[in-house]
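Read off the chains here:
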Amino acid sequence: MERPLTQHIHPDGTTRTLREYVKDGGYRSLQRIAAGLAPKDVQRLVTEAGLRGRGGGGFLTGTKWSFVPMGPDAPKPKYIVANADEMEPGTFKDRVLMEGDPHGLVEGMILAGYAIDAEIGYIFLRGEYHLSAQRLRQAIAEAYEAGYLGQPPGTGFRFDLHLHASAGRYICGEETALINALEGKRAVPRAKPPFPQTVGLWGQPTIVQNVETLYNLPHIINHGSDWYHRLSRSQDGGTKIYGVSGRVTNPGWWELPLGTTARELLERYAGGMAEGVRFRGLLPGGISTEFMTEEHLDLPMDFSSIPPEVGRLGTATMIVLDDHTCPVGFVLNLEKFFARESCGWCTPCREGLPWVARILSSFEEGRATSDDLSLLKMHTKWLAPGHTFCGLAPGAMAPLQSALKYFHDDFERHISSGGCPWSRKSAQHRILV
Amino acid sequence: MLSDTERRELEDAVKHYPDKRGAAIDALLIVQRRRGWISDDTLLEIAQFLEITAEDLDSIATFYNLVFRKPVGRHVAFMCDSISCWIKGCEQVQERIKTLYDVDLGQTTSDGRLTVLPIACLGQCERAPALMIDQDVYGDVTPEKIEEIVEKYK
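Just so you know, the sequences run in chain order A and B.
Using our numbering, you'd call the opening residue of the first sequence number 1 and step up by one each time.
Using our numbering, you'd call the opening residue of the second sequence number 434 and step up by one each time.
Don't read these hints as lab results, they were simulated from the structure.
Being a predicted model, the structure only gives us computed values, none of them experimental.
Certain hints may be false.
[Stated by the list, open to error] Below, simulated PhoX-like cross-link-like pairs (lysine-lysine); rule was C-alpha separation at most 20 Å, straight line:
1) B:K531 to B:K578
2) B:K587 to B:K531
3) A:K76 to A:K40
4) A:K381 to A:K405
5) A:K185 to B:K585
6) B:K585 to B:K531
7) B:K453 to A:K185
8) B:K448 to A:K76
9) A:K40 to A:K23
[Said to hold, decoys possible] For the chain A half of the interface with chain B, some residues (derived, Cβ under 10 Å), not all of them:
10) E86
11) P89
12) V96
13) G100
14) F195
15) T325
16) G329
17) F337
18) E341
[Claimed, not checked] Which bits of chain A does chain B cover? Going by a derived footprint, with three or more residues having C-beta under 8 Å, they are:
19) 24–36
20) 155–168
Every residue gets a Cβ at the ideal spot worked out from N, C-alpha and C, and that includes glycine.
So that you can see chain A by itself, here it is in the shape it has in the complex (with noise of 0.2 Å):
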């Protein structure tokens, strides 16, 4: 089984340096650029791979890239930004690429930045990742210093890479957001249309892309879209960074081939559930995804094979719930996350999502009635897609909505004997939103 994103990172947590890098056929894409492998090129390589957005999204990047205009009378300049503000709770896949290998950042910037002709790359690093910091920065020096940023010898082309380290904020995850971020503004998200691809960073055109899937651009280069669907066990091509957290025998992360089962992950990777609990449910990447329960662990965790109806993969790092966790503790944990990091700029989120985790709280302290049963219904439909600026709130009731209809039992518990069956200590129902 091949893992071309992590097969080189050391286990032991050190860095790969630049030499290793190289001596493993880091850089080599440029020579194919070198060669004459123009930008429309790499968009058609990278189409043909049916390379999916690794944030959570699963758009296509070729489609992503069409949508920049090109040639001479394109405006200049052309900006790409490598989304690493990974703030989504249960998701560390970046990190781990960005500690054990940073050269495969700079050089899947470079090749991004040459498909879509952009001459300026920003990385968008959550402040939180110093570790991650510090190594790409020493990485863009050694690329500058070894002629592959700036102007890589023989290809015509100029790319400056720099690295902006945030201050903390959940939504600079989304991409316009990110973009005021990146401006020196408060991180709300605008209006779309206009998309980025064609009025994005100071008015320029600009693509925004998750780490990981950028780390799969030099591969794709060098080897090719029927290599690239080999490794996949879908539609869908590649490799995904897998991870499990919660009360497992073994939490973690494995490169695998897009595709693989939930059971799979669970049961032979994270080695099954840890001793004297079971198995509930889970949220199969990130907190902005549905739950999924038992019946749901044969379905090949990929972008095309979760039925919108049972939910979406997101960022595939799955947080498992067990049965000596609350369920409704679990979902208060949740809003109350949300609650924290809205932005604050429009009115359903800002008040929404507070009210949301006073409620649940209410279940916790076993002051809840039937009456806020419905209510939390409605807030799933009042804080559904159409009803607010972004997806932040909609994305938090894609938990709320499916725990009411897979764990309603516990629900209606909590309501029958007055308080959480579970009384977990009573630090969890304080409000702090």
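Assemble chain B onto chain A, guided by the hints.
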């Protein structure tokens, strides 16, 4: 007054952007690194450097979690309270800190040594619960281990 070193670092940061305000967040973090927090006077100095109003800069300073508009202790403990850490008992760790150092979330110890703040998922979910003190990350933390960790920060 911005020191010469601060000014030099700010000049460097500005080079990465087509206009000065692009460096607003970098600027706040650069100055905060030495001064600990962003006072009103500091805010004004940075705003003047960036050629934007202090009110404009404050709208940014108050938005981001890692910019402090109030004094903090010599060390800051960021307690991850997101879902994977919650499942694995981050509340018990935080309770233990409260007992040991008489400090709750959002507070600073009376000797000015430690500020304790909640933080969004630190991306250490495979070794939850996790916390970060200043720039050092700790995983698989337990209430029993926490004293030994905090004692490294005087």
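How the hints compare with the structure:
no.: 1; hint: B:K531 to B:K578; verdict: 14 Å, holds
no.: 2; hint: B:K587 to B:K531; verdict: 17 Å, holds
no.: 3; hint: A:K76 to A:K40; verdict: 18 Å, holds
no.: 4; hint: A:K381 to A:K405; verdict: 14 Å, holds
no.: 5; hint: A:K185 to B:K585; verdict: 36 Å, violated
no.: 6; hint: B:K585 to B:K531; verdict: 17 Å, holds
no.: 7; hint: B:K453 to A:K185; verdict: 12 Å, holds
no.: 8; hint: B:K448 to A:K76; verdict: 18 Å, holds
no.: 9; hint: A:K40 to A:K23; verdict: 28 Å, violated
no.: 10; hint: E86; verdict: 5 Å, holds
no.: 11; hint: P89; verdict: 4 Å, holds
no.: 12; hint: V96; verdict: 9 Å, holds
no.: 13; hint: G100; verdict: 13 Å, violated
no.: 14; hint: F195; verdict: 21 Å, violated
no.: 15; hint: T325; verdict: 6 Å, holds
no.: 16; hint: G329; verdict: 8 Å, holds
no.: 17; hint: F337; verdict: 6 Å, holds
no.: 18; hint: E341; verdict: 6 Å, holds
no.: 19; hint: 24–36; verdict: violated (count 0)
no.: 20; hint: 155–168; verdict: holds (count 6)
Violated hints, listed in ascending order, are 5, 9, 13, 14, 19; each of the other numbered hints is respected by the structure.
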